[in-house]
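Residue numbers for the sequence shown follow the working numbering, so the first one is 6 and each next one is one higher.
Watch out, some of these pointers could steer you wrong.
Unchecked claim - Each computed PhoX-like pair below joins lysine-lysine, with the alpha-carbon atoms no more than 25 angstroms apart:
(1) Lys68 x Lys83
(2) Lys52 x Lys152
(3) Lys83 x Lys136
(4) Lys114 x Lys132
(5) Lys58 x Lys70
(6) Lys36 x Lys92
Treat the hints as calculated values from the structure; they're not laboratory data.
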Amino acid sequence: MKKIILVVSILLLIGCKSKKVTAIPEPEVLKTVKLGLSEVSESQKSKAYELGKRVLMTCNTSKFKPFTLSEATPSVIKNTTEARLTKTCTRFRQYYGTFIDLELMEAFKNNFDQSIVFRYKALYSKKVANKELRVTMNAENKVSSIKSLDWVNAFPMN
6 MKKIILVVSI
16 LLLIGCKSKK
26 VTAIPEPEVL
36 KTVKLGLSEV
46 SESQKSKAYE
56 LGKRVLMTCN
66 TSKFKPFTLS
76 EATPSVIKNT
86 TEARLTKTCT
96 RFRQYYGTFI
106 DLELMEAFKN
116 NFDQSIVFRY
126 KALYSKKVAN
136 KELRVTMNAE
146 NKVSSIKSLD
156 WVNAFPMN
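Start from the sequences, fold in the hints, and give me the full structure.
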């Protein structure tokens, strides 16, 4: 009886051998895709430009018109205060001089949240200035982030 149970157990173990299943790799979806400047609507480009310029013009005028709920998300409205901008502007004016204008260089679409990132080169009176302003517009055409960075030619695609 013990031999029969042992043989049946061995046969069950051999019979239950797992089969190899070849996994079909899913095509990788890029998180961000570079858009041609002509692919982005003029209204979206101009809105991103105006809102980005409004922030940097605060450095020249020391007056900031706060964003409304139709222009920006609540987190951007909360974080973009005149006090914070004044602190940043003091440092920017010292190092880079007077803000002149923004020049749209690139636009990228984030495929996960359908937002568009506009990369602007910020032009200042001192030629040492090599700054970038990133304005992110969400699917509702509201500013979801504004970020100032040192200009780097490569855009991180992550």
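Assess, step by step, whether the Cα of lysine 68 is no farther than 25 angstroms from the Cα of lysine 83, and give holds or violated. Within the cut-off at roughly 17 angstroms; holds.
Does lysine 152 sit within 25 angstroms of lysine 52, going by the straight-line distance between their CA atoms? It holds: about 16 angstroms lies between the C-alpha atoms, which stays within 25 angstroms.
Measure nothing beyond the straight line between the CA atoms of lysine 36 and lysine 92; if it is 25 angstroms or shorter, mark the hint as holding. violated (34 angstroms)
Hinted pair lysine 83 and lysine 136, Cα distance within 25 angstroms: Judged against 25 angstroms, a Cα distance of about 24 angstroms means the pair holds.
Check whether the Cα positions of lysine 58 and lysine 70 lie no farther apart than 25 angstroms. Measuring from Cα to Cα gives roughly 12 angstroms; hence the hint holds.
Measure nothing beyond the straight line between the CA atoms of lysine 114 and lysine 132; if it is 25 angstroms or shorter, mark the hint as holding. Violated, at roughly 30 angstroms.
Consistency with the previously given hints fails for numbers 4, 6, ordered from lowest to highest.
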